[in-house]
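> Now for the letters of each chain:
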Amino acid sequence: MEYFAQQLVYGLTLGSVYGLIAIGYTMVYGIIGMINFAHGDVFMVGAFLSLIVYLVLVAIGITFVPIALLLVLVIAMMLTALYGWTVERIAYRPLRGSFRLAPLISAIGMSIFLQNYVQVAQGPYLKPLPPVVTGGFKFGAAEGFTVNVSNVQLIIVLTTIVLMAVFSLIVGKTNFGRAQRACEQDRKMAALLGVDVDRTISLTFVLGATLASVAGLMYLLYYGVVDFYIGFVAGVKAFTAAVLGGIGSLPGAMLGGLLIGLIEIFWGAYVSGAWKDVAAFSILIIVLIFMPNGLLGRPEVEKV
Amino acid sequence: MTTPPVDAPKLPEDVLIRVERLTMRFGGLVAVDDVSFDVRPGDVTALIGPNGAGKTTVFNCITGFYKPTVGRIALRKSATESWLLERLRDHQISRRAGVARTFQNIRLFGGMTVLENLLVAQHAPLMQASGMTVLGLLGTGGYRRAETHAIEKAKAWLERVDLIDRADDPAADLPYGDQRRLEIARAMCTEPVVLCLDEPAAGLNPRESADLADLLRSIRTDDGVAVLLIEHDMSVVMEISDHVVVLDYGKKIADGTPKAVRDDPKVIAAYLGVEDEEVEAVEREIEETGA
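Keeping their order, the protein sequence lines are chains W and F. 174 is the number that numbering that gives the first Met the number 0 gives to position 175 of the first sequence; each next residue is one higher, with no gaps. 156 is the number that numbering that gives the first Met the number 0 gives to position 157 of the second sequence; each next residue is one higher, with no gaps.
Looking at chain F on its own, in the form it has when it is part of the complex (with noise of 0.2 Å):
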């Protein structure tokens, strides 16, 4: 369970995560229908398309919520070391893999400070340095100086997100906005080299939009993690993204860069054509009820 698998495809040094062939289904519904893309090292990715179009579904895939009916993810962490994601446990992928996720709908921890919060997402190097919580309680050494490391990294991830002041407040007083960085912060913490991020953007007036754009380019430059998100903000999407993989019912249409995805015939029909039904059915219901 500690050693990659033997399996573990050798992914080129350009290549991430690779997904080849995944198919999810439920019951009789395909959710996800043969998609296949990469997530390069160092890039924004984003994952788009129109509502049920399975982009949630692949993320959950990735990371370990749904184990694929077909197909798999494979990771390549290092030189040296590369994972099946489907195989791994869910807390072995932040673990092991390096994989960090955030949710559609915030998911802090409310009744645990800010700072706590960013704690809990360096458990792990914790818990190793504390060997078992007795140790820790003890105060040795070794797990003060991790602990000490752990608080100045979340102070520091703070004051990255602008929210060194509310350190000791509860999780759950933050207002909306500073509540997504807050997210975003603790997946960091997690040290992960894929951050992958469920509509970041939602929710967020166009200011808060902006300082999250400025946000995720500096993860993905200063940090050299790279970034994979599901978001409908597409001036979000166009802005920072360098990679963007368009899926449709479940199935994958396109797979390129911003501007080659948005003049893409089959993109602008997925949308527009999605949005012109909704439109004309308004219009009806509107007609109808009219007369």
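One chain only, chain W, in its complex shape (with noise of 0.2 Å):
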């Protein structure tokens, strides 16, 4: 029980890092129809930045940790988002009306590129940022068992939480939201009635990237290093979460980021720690073969 609560808390956290990279790939294939395969490096990206951030901040003098961390957020947010419609703009958007592969070769390279460019700008090797948040909660001493959640963890579930919610009124309630779900049901007519497709697609990749920068964040905190090659592992990872949840679907993005790390968590704890992608990835094959469109996907309804 003890041992269980505690792989618990792991996954979780695991999976809101996931899940926050996943929002990125599902928001990006709604209004699109592309898998940004760039978008983990943007996730890669992103923790760089917030360790840049904070290591500036640091030199300058700024070392109370909340409000470092919030100047970090922000700051890395800001920078990051800027990369994603960057990115958009000089690889996909000319691409756009090209044939369907087109844009997917393009992230690929995109996403070499960033790559390449991080690893000779910041170096090949770990980069390590000492613990900035210590300390934590242990749970159940009077009922005879432990658990322990360190701050970064409830830091890390909590933030997810928040940005989850306040990405769901986006969507759901802004006009920005709106528009967005317009331009994914129907792009041409959207357009047709004033709304500025290009421009809802770039802030899409915006706010794709600026979650994806707060992952990285949270990835920073939680494992004290990062190096050029992180974006890879997570970016499939929150892919696979993507697909399993349903591509296209926000709240499938988060219960298959949830689910891809507490199935990761949960089998290298009990079976092996050498399979847990291999179950992750084959969790993902048998939910496909029965439910091709995922979790929480809508079935695609063929128009005539």
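Rather than coming from a laboratory, the hints here were simulated on the basis of the structure. Be careful, since some hints might not be right.
[What the hints assert, rightly or not] Quick list of the computed label-pair ranges, beta carbon to beta carbon:
1. F/Leu-83 x W/Tyr-124: 55 to 61 Å
2. F/Ala-166 x W/Ala-101: 40 to 46 Å
3. W/Gly-96 x F/Gly-27: 22 to 28 Å
4. W/Thr-85 x F/Pro-205: 54 to 60 Å
5. F/His-148 x W/Ile-160: 32 to 38 Å
6. F/Val-69 x W/Gly-96: 22 to 28 Å
7. F/Pro-40 x W/Gly-96: 31 to 37 Å
[Said to hold, decoys possible] Derived pair list, reagent style PhoX-like, types lysine-lysine, alpha-carbon separation capped at 25 Å:
8. W/Lys-172 x F/Lys-154
9. W/Lys-187 x F/Lys-66
10. W/Lys-187 x F/Lys-9
11. F/Lys-9 x F/Lys-66
12. W/Lys-172 x F/Lys-152
[As the list claims (entries may be wrong)] Away from chain W, derived, C-beta distances all over 10 Å, residues of chain F:
13. Arg-20
14. Thr-22
15. Gly-27
16. Ser-81
17. Gly-140
18. Ala-166
19. Asp-167
20. Val-192
21. Asp-213
22. Asp-222
23. Asp-232
24. Asp-254
25. Ala-268
Don't be surprised by glycine CBs; every beta carbon is placed ideally from N, CA and C.
Using the hints, put the two chains back together into the complex; each one sits in its own frame.
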């Protein structure tokens, strides 16, 4: 029981990070039907930017942790959003209306470019961050078992919940959200009703990148190290999460992220640490065989 | 991009849209061949013709789907504002020039509610009021007023098309005739100066067609919005249009009042001629299979 609860905490934390990244995949797919393979690397860039911003803040003397973290969050979000916007602008928009595979290839190129760019600019080695947030809680001491929840884990899960709430509000209630959903369903019609489709797509990339940068910061705080390659693995997992939850569906992406995180941790804890990725992907395959649209995906209705 | 092009022609006051020498070629096929006509403000103008006459192609040129091979389409929005429609990007056709359209097939946002469909059509003014979305989220006064106004306008339109009870249902759940009316309401929510309807009566029963005719008349008279429509249902065309343009094989063959057009021998030939051939072809087939 104690062991199980402890693993649950790990799983939820990891799942939150995957979920935040997965939203970027699912939103972009929803609006332009393309898998943005560079999204994992935007997450990696977000992690690096968080690290750099934090170190700069420390260097100029802002060391009070809550303030510093909040500043890092905001600044890294904005800078990463700029990356997301730029990627869309130079690598995808010129190819809109081209054949379907063109932006996909461009995305893979962008992914490799971002990896190499960070590798060259920051070096190929792991970059450490000294523990910023320390301490934590112990639960259940009275019942005779203890579960440790560190402050970092708490921050990650709470931030994710808050962001998800804000995000559902943006997509569900605001003018931008309506335009975004309209573009998902019928871009041409949306344009004829006065929606600036290009700008809506740009904003979608910006929002996805923003969430990815938060995930990057969380990753950095949790693991304490980043390198240029973290985007690939995390990106593939988050993409898997988005597909598992039903690509195009926001709650699906979050659910998929949590599930992938939990599966990975529990498999590692109870079965074999070496096979946890295999487990995650096997479950993906099984789910897709029986539910081709993912857990919460809408079935594609063929237009007649 | 935001100011009208300097060479936008000065149109006389009684012309809303002037289509001049419009030609559209697709490879070797000439879909529209040297067509010119005017749409007057406050008129219901019908574009008719046999299947494949190029009506929808003309529509697609007016609403920015196609860039004409030759010719130009000028719109006089107000005394000071004129636009060349073929130079505008798709979302600007609605926003700046004030052209709204519907399609032959229904293109509602099926997954969104009826009310949301009408709010999407008011995206541009709302976007302006919010500055950017962030301000909208913070709920600034200006944005909230704009949103309230948008919802009121949407509701007023839902009252007019008799869909107010279904405001929160997904648009895809409405019956066909209701979806048609909702599309028109949505197009009107963009506050157009001209409403382009591609076969609005297709698939409607006689009762619904009559309602549609009433709605279109009311749009012309009460809202002062010009209507340009493609329609096969001649009873609707003859009943509500002030001006009819007839196309056949991409060429304009008649242009005038409904009565003048109906009596025009070229129009009769175009319509009856085609249909006679079809009838004969079918008769031959029946004979052959029977024998």
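> Just checking, F/Ala-268 versus chain W, shortest CB gap more than 10 Å?
Correct as stated: the minimum Cβ-Cβ distance to chain W is 35 Å, above 10 Å.
> Are all C-beta atoms of chain W more than 10 Å from that of F/Gly-140?
15 Å, holds
> Is the Cβ of F/Asp-167 farther than 10 Å from every Cβ of chain W?
13 Å, holds
> With the threshold set at 25 Å, check whether the alpha-carbon distance from W/Lys-172 to F/Lys-152 stays at or below it.
18 Å, holds
> With a cut-off of 25 Å on the C-alpha distance, tell me whether F/Lys-9 and F/Lys-66 pass.
The hint holds at about 21 Å.
> For F/Asp-222, is the shortest CB-to-CB distance to chain W above 10 Å, so the non-interface label stands?
About 17 Å separates F/Asp-222 from the closest Cβ of chain W, which puts it past 10 Å; holds.
> Hint says 55 to 61 Å; check whether the CB-CB distance for F/Leu-83 and W/Tyr-124 agrees.
Given a distance of about 59 Å, which is inside 55 to 61 Å, the answer is holds.
> Taking the Cβ atom of F/Ala-166 and the Cβ atom of W/Ala-101, is their distance within the range 40 to 46 Å?
41 Å, holds
> Hey, is F/Ala-166 genuinely clear of chain W, shortest beta carbon separation above 10 Å?
With a cut-off of 10 Å, F/Ala-166 remains clear of chain W, as the shortest Cβ separation is near 14 Å.
> Can the restraint linking W/Lys-187 and F/Lys-9 be considered satisfied, given a maximum Cα separation of 25 Å?
It is violated: about 30 Å lies between the C-alpha atoms, which goes past 25 Å.
> Checking one constraint from the list: CA of W/Lys-187 to CA of F/Lys-66, max 25 Å. Satisfied?
Roughly 15 Å separates the two Cα atoms, so the pair holds.
> Closest CB-CB distance from F/Arg-20 to chain W, is it above 10 Å?
25 Å, holds
Checked against the numbered hints listed earlier, the structure breaks hint 10 alone; every other hint is satisfied.
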